[in-house]
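Student: Each chain, letter by letter, is given below.
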Amino acid sequence: MSEKQIRVLVAKPGLDGHDRGAKVIARALRDAGMEVIYSGLRQTPEQIVAAAVQEDVDVVAMSLLSGAHNHLFPKVVKLLAEEGSEDVLVLGGGVIPDADIPYLKENGIAEVFTPGTPTGKVIEYIKNNVRQA
Amino acid sequence: MYDKEKLKEISLSKEEWEKGQVAKTLSRFKERKENFETTSGITVERLYTPLENQDTDYMKDLGMPGEYPYTRGVQPTMYRGRFWTMRQYAGFATAEDSNKRYRYLLDQGQTGLSVAFDLPTQIGYDSDAEIAQGEIGKVGVAIDTLQDMETLFNQIPLDKVSTSMTINAPASVLLAMYIAVAEKQGVTPDKLQGTIQNDILKEYAARGTYIYPPEPSMRLITNIFEFCSKNVPNWNTISISGYHIREAGSTAAQEVAFTLADGIAYVDAAIKAGLDVDGFAGRLSFFFNAHNDLLEEVAKFRVARRLWAKIMRERFGAKNPRSWMLRFHTQTGGSTLTAQQPENNIVRVAIQTLAAVLGGTQSLHTNSKDEALALPSEESVRIALRTQQIVAYESGVCDTIDPLAGSYYVESLTNEIEKKALEYIEKIDALGGAAKAIEQGYIQKEIADSSYAYQKEVEANERIVVGMNKFQVEEKPIEGLLRVDPSVGEAQVKKLKALKESRDNVAVKSKLSVLREAAKTDANLMPYILDAVRVYASEGEICDVMREIFGEYRPVEIL
Amino acid sequence: MELVQKALKGNRRAIARLISITENEEKEAVTALREMFPLTGKAHIVGITGPPGSGKSTMTDKLVKELRKRGKKVAILAVDPASPFSGGAILGDRVRMSDLNLDEGVYIRSLSTRGKLGGLSKATHYAVKILDACGFDYIFIETVGVGQSEVDIIKTADSILVVTVPGLGDDIQAIKAGILEIGDIFIVNKADRDGANRVVIELEMMLGLNAEKDEWDHPILMTVASENKGIIEVVESVIRHKEHLDKTGLLGKRRRERLETEVLELVVQNMARYVNEKFVKGGSFQEEIDKLVRKENDPYTLVQSILADTVK
Numbered sequence: 009m010s011e012k013q014i015r016v017l018v019a020k021p022g023l024d025g026h027d028r029g030a031k032v033i034a035r036a037l038r039d040a041g042m043e044v045i046y047s048g049l050r051q052t053p054e055q056i057v058a059a060a061v062q063e064d065v066d067v068v069a070m071s072l073l074s075g076a077h078n079h080l081f082p083k084v085v086k087l088l089a090e091e092g093s094e095d096v097l098v099l100g101g102g103v104i105p106d107a108d109i110p111y112l113k114e115n116g117i118a119e120v121f122t123p124g125t126p127t128g129k130v131i132e133y134i135k136n137n138v139r140q141a
Numbered sequence: 006m007y008d009k010e011k012l013k014e015i016s017l018s019k020e021e022w023e024k025g026q027v028a029k030t031l032s033r034f035k036e037r038k039e040n041f042e043t044t045s046g047i048t049v050e051r052l053y054t055p056l057e058n059q060d061t062d063y064m065k066d067l068g069m070p071g072e073y074p075y076t077r078g079v080q081p082t083m084y085r086g087r088f089w090t091m092r093q094y095a096g097f098a099t100a101e102d103s104n105k106r107y108r109y110l111l112d113q114g115q116t117g118l119s120v121a122f123d124l125p126t127q128i129g130y131d132s133d134a135e136i137a138q139g140e141i142g143k144v145g146v147a148i149d150t151l152q153d154m155e156t157l158f159n160q161i162p163l164d165k166v167s168t169s170m171t172i173n174a175p176a177s178v179l180l181a182m183y184i185a186v187a188e189k190q191g192v193t194p195d196k197l198q199g200t201i202q203n204d205i206l207k208e209y210a211a212r213g214t215y216i217y218p219p220e221p222s223m224r225l226i227t228n229i230f231e232f233c234s235k236n237v238p239n240w241n242t243i244s245i246s247g248y249h250i251r252e253a254g255s256t257a258a259q260e261v262a263f264t265l266a267d268g269i270a271y272v273d274a275a276i277k278a279g280l281d282v283d284g285f286a287g288r289l290s291f292f293f294n295a296h297n298d299l300l301e302e303v304a305k306f307r308v309a310r311r312l313w314a315k316i317m318r319e320r321f322g323a324k325n326p327r328s329w330m331l332r333f334h335t336q337t338g339g340s341t342l343t344a345q346q347p348e349n350n351i352v353r354v355a356i357q358t359l360a361a362v363l364g365g366t367q368s369l370h371t372n373s374k375d376e377a378l379a380l381p382s383e384e385s386v387r388i389a390l391r392t393q394q395i396v397a398y399e400s401g402v403c404d405t406i407d408p409l410a411g412s413y414y415v416e417s418l419t420n421e422i423e424k425k426a427l428e429y430i431e432k433i434d435a436l437g438g439a440a441k442a443i444e445q446g447y448i449q450k451e452i453a454d455s456s457y458a459y460q461k462e463v464e465a466n467e468r469i470v471v472g473m474n475k476f477q478v479e480e481k482p483i484e485g486l487l488r489v490d491p492s493v494g495e496a497q498v499k500k501l502k503a504l505k506e507s508r509d510n511v512a513v514k515s516k517l518s519v520l521r522e523a524a525k526t527d528a529n530l531m532p533y534i535l536d537a538v539r540v541y542a543s544e545g546e547i548c549d550v551m552r553e554i555f556g557e558y559r560p561v562e563i564l
Numbered sequence: 078m079e080l081v082q083k084a085l086k087g088n089r090r091a092i093a094r095l096i097s098i099t100e101n102e103e104k105e106a107v108t109a110l111r112e113m114f115p116l117t118g119k120a121h122i123v124g125i126t127g128p129p130g131s132g133k134s135t136m137t138d139k140l141v142k143e144l145r146k147r148g149k150k151v152a153i154l155a156v157d158p159a160s161p162f163s164g165g166a167i168l169g170d171r172v173r174m175s176d177l178n179l180d181e182g183v184y185i186r187s188l189s190t191r192g193k194l195g196g197l198s199k200a201t202h203y204a205v206k207i208l209d210a211c212g213f214d215y216i217f218i219e220t221v222g223v224g225q226s227e228v229d230i231i232k233t234a235d236s237i238l239v240v241t242v243p244g245l246g247d248d249i250q251a252i253k254a255g256i257l258e259i260g261d262i263f264i265v266n267k268a269d270r271d272g273a274n275r276v277v278i279e280l281e282m283m284l285g286l287n288a289e290k291d292e293w294d295h296p297i298l299m300t301v302a303s304e305n306k307g308i309i310e311v312v313e314s315v316i317r318h319k320e321h322l323d324k325t326g327l328l329g330k331r332r333r334e335r336l337e338t339e340v341l342e343l344v345v346q347n348m349a350r351y352v353n354e355k356f357v358k359g360g361s362f363q364e365e366i367d368k369l370v371r372k373e374n375d376p377y378t379l380v381q382s383i384l385a386d387t388v389k
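Protein chains in written order, with the numbering used here: chain H, 9 to 141; chain Y, 6 to 564; chain D, 78 to 389.
Some hints could be false.
Below, computed lysine-lysine pairings styled on DSSO-like, alpha-carbon distance capped at 30 Å [unchecked claim]: (1) K525(Y) / K129(H); (2) K113(H) / K461(Y); (3) K86(D) / K83(H); (4) K142(D) / K441(Y); (5) K12(H) / K142(D); (6) K86(D) / K525(Y); (7) K358(D) / K104(D).
Far from chain H, some chain Y residues (derived; all Cβ distances over 10 Å) [said to hold, decoys possible]: (8) K65; (9) K143; (10) P162; (11) T214; (12) R387; (13) K425; (14) K502; (15) I554.
No lab work stands behind these hints, which were simulated from the structure alone. Virtual Cβ for every residue (Gly too), placed ideally from N, Cα, C.
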């Protein structure tokens, strides 16, 4: 019997092209034994949600450095809910001012990881909070 | 360079010292690490002496400032004549807001402008495009039409300032707008000074604001080379950028290697398009990063100059000394800044400023302490500018040329980085050049490997970042960060809509259709783009016409 | 099953869940597959393989777009190897197909090898069944042609496309020999590059050596997928191959063989699992082994008694 592996969509919403963080986190999650689907750049919330649904991921991890997080992150949460996938864990990362974090959490982003967060912390968070099948 | 007898003497005495003094100390105190390495993975020895540099040929390897191979600098008097251009990259929200910031910076003694555009502008979308929503005015200023450009440079005489624009895929459009604004100010193109980044290869490899596939993109770039050599002779037509390659996680040696490999690709493309190398090469400029490993960075800048000079002279047979010179802009390393204890960033930036100045930069942007958190505030931009001024006026390092030359360590590092960079360039040549290497994902993978290795070192505490993985303190959330009001987007969209109604839409349509036809041929597109911006065709409209003909780039992701 | 009903109506979330359930061999897997089995057999399954850098994903993307133009519903299974160390994987093939994401007539799913022998081919096999039952006209299985497990996966397709490009060094050698033998349609992609003609000639020679067993002509096509050149010809060849399989009765034959294999494999797997649970984990396995060590019994007698017990 193969055991259940955690599936994560690492996504780059919006127009931001800085993918260093997204790639680092993708590799770190892989090395922690997860299956990572990488979206590539310039994904609209609709595209991210379509991929998340089709891939049946447990986690959507988005990275954004352009400042458009308040606009884009909550939209992904909303669209996921419309698809009936509200049990997917949605995470945000990137250059996100502390002051925006409460707003993002109110809008369904489970956790926000700012620059300097060790990847181990993200892995641990996912393992502790991912949906149970 | 050294007397053989003297070298023997040094060698003997070094050996004695190692067996005696050093061994004795080591038996009581171990060194901090077993191996010392630079960020490029070059082993750092305990001590450097003439022994490590015995093959150096002063005239061949170093020479005089302003002379081939320019290791010591591109100008004969360097900063004894005048300091580098202090050029802070700025731009946010609307053209009005940015114009205000530029005038503030010029008042504070800044000597050149550097325009940051928002992402929709950088990727050729108008502010009213669906995909632009949430991004308008965020990482730079939103420019849709000539009208915005007129506002951006309002009361700034374009014959007096030099302006650098961080724009790549749509560089031709923004350059055309700049020329058109100048026309309205009564300034002819030959008086204009500045730089467009115009470096598409590093967009594919590291920064992500591409539009078209490589081939038409290279064509637009060579179109600009040709157009400017005839019409805007003092314009730097490209800024071949290692900055973003480094930000994406490369090492210092990779930064030099990949940047010069990109440079080779542009020169190749221009020659293939029928241009004479000495006709455009003098207007090529470069853009590098400055990180904290001070001496490795200084060596990196010196290597870049020496290697480029050799490449231009030996590989491309350029005859004009101007074509051999690598002139560069530097920005301090954004990725070295920490969100933790942001005041520490002031010190990092000061070290990086020294690296750039000791490395002989032509212009410099210093990052603000809060850039790991948000757009910089006016106060933090001022501190960043003051950092440059303190190095320039107080440190004394500008009073003689290339003051670190002859340091046993720096010269040895310079040679080591050169060796590594050459290996990479040879490999890229074997893959068919930078464009092909990017297409195969080679450069991206090398960068991602370095970036991941670095991250793992930091997480294992093998590499210390002060305040982040050592010497942490409890911190309160930081207040007073600059935020772009979401209403900026709505206002910009409204403004664009109003203009699209009031302009001469017949003229717009006809200029766009002429451009479309020209894009299908191999004509130089600059005059057509210029005609279109003059009648207020928007950036998005112009880019869409070219998207239609050229298609869009699909990235290669190799993780 | 409610999930099955939803999936059959085209709900993608339900389809996705079902694929996960079968991939993880959760309890409901068998029930779901049982319910869907009668509806399978309509889709045409296309395997697409080739070395890294041959442009498979771009090729798949363009072929799918062409089939969409013709009103066909298409599913893509992108199969990637897992990291041998952690069992984790990065699946990046969606990147090149991201504008298919929003097309209601397309479903894309990435699968990794999970570091377990045979695990992937089983998961892929189940996913194909589910997508077939859900009414997709074409199901693409895309994978790099390295490793035996991937050859096994590709073998289950009705039409097998082998993609190569000029300039990969030992051009043809870069394609796994086993794949070359089972290919139905050969594609030389990036044919605007130097050396494309040479690759075609090499392929012709290799294929000539593998003497024809049936009447299929094994076309070799040249494409520049990124510019959409030659794509229609590939699609036409796939359709022609489909008709060929129908006409010659090969399709029925291949599918029958596949059912045979499936049943035999499932029997073996289930028996292995049963034995593992009943004897190794829960039973007197260690004691029986002790007896062997003491030479009180022999392995052959033991196996016979275990089997007798299993099939009881």
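Student: Run the distance test for K113(H) versus K461(Y): straight-line Cα separation, threshold 30 Å.
Tutor: Cα-Cα ~29 Å, so holds.
Student: Has the given pair, K358(D) with K104(D), been kept, meaning a C-alpha gap of at most 30 Å?
Tutor: At roughly 20 Å apart (the allowed maximum being 30 Å), K104(D) and K358(D) satisfy the hint.
Student: Is K86(D) close enough to K83(H), meaning Cα to Cα at most 30 Å?
Tutor: 26 Å, holds
Student: Take a quick look at whether K12(H) and K142(D) sit within 30 Å of each other, Cα to Cα.
Tutor: 33 Å, violated
Student: So if I understand the rule, the pair passes when the alpha-carbon distance is 30 Å or less; does K142(D) with K441(Y) pass?
Tutor: With a Cα-Cα distance of about 26 Å, the restraint between K142(D) and K441(Y) holds, given a limit of 30 Å.
Student: Can you confirm whether the C-alpha distance between K525(Y) and K129(H) stays at or below 30 Å?
Tutor: Violated, at roughly 52 Å.
Student: Using Cβ atoms and 10 Å as the threshold, tell me whether P162(Y) really stays out of contact range of chain H.
Tutor: 32 Å, holds
Student: Would you say K502(Y) is clear of chain H, with no C-beta pair closer than or equal to 10 Å?
Tutor: The claim stands: K502(Y) keeps its Cβ more than 10 Å from every Cβ of chain H (closest is about 20 Å).
Student: Please confirm whether I554(Y) is truly not at the interface, meaning its C-beta sits more than 10 Å away from all C-beta atoms of chain H.
Tutor: 21 Å, holds
Student: Per the stated criterion, does the least C-beta distance between R387(Y) and chain H lie above 10 Å, as a non-interface residue requires?
Tutor: Given a closest Cβ separation of 21 Å, the condition holds.
Student: For a C-alpha distance cap of 30 Å, please report whether K86(D) and K525(Y) respect it.
Tutor: 46 Å, violated
Student: Hey, does K65(Y) actually stay past 10 Å from chain H on C-beta?
Tutor: For K65(Y), whose nearest Cβ neighbour in chain H is about 39 Å away, the distance exceeds 10 Å, so it holds.
Violated hints, in rising order: 1, 5, 6, 9 and 11; the structure is consistent with all others.
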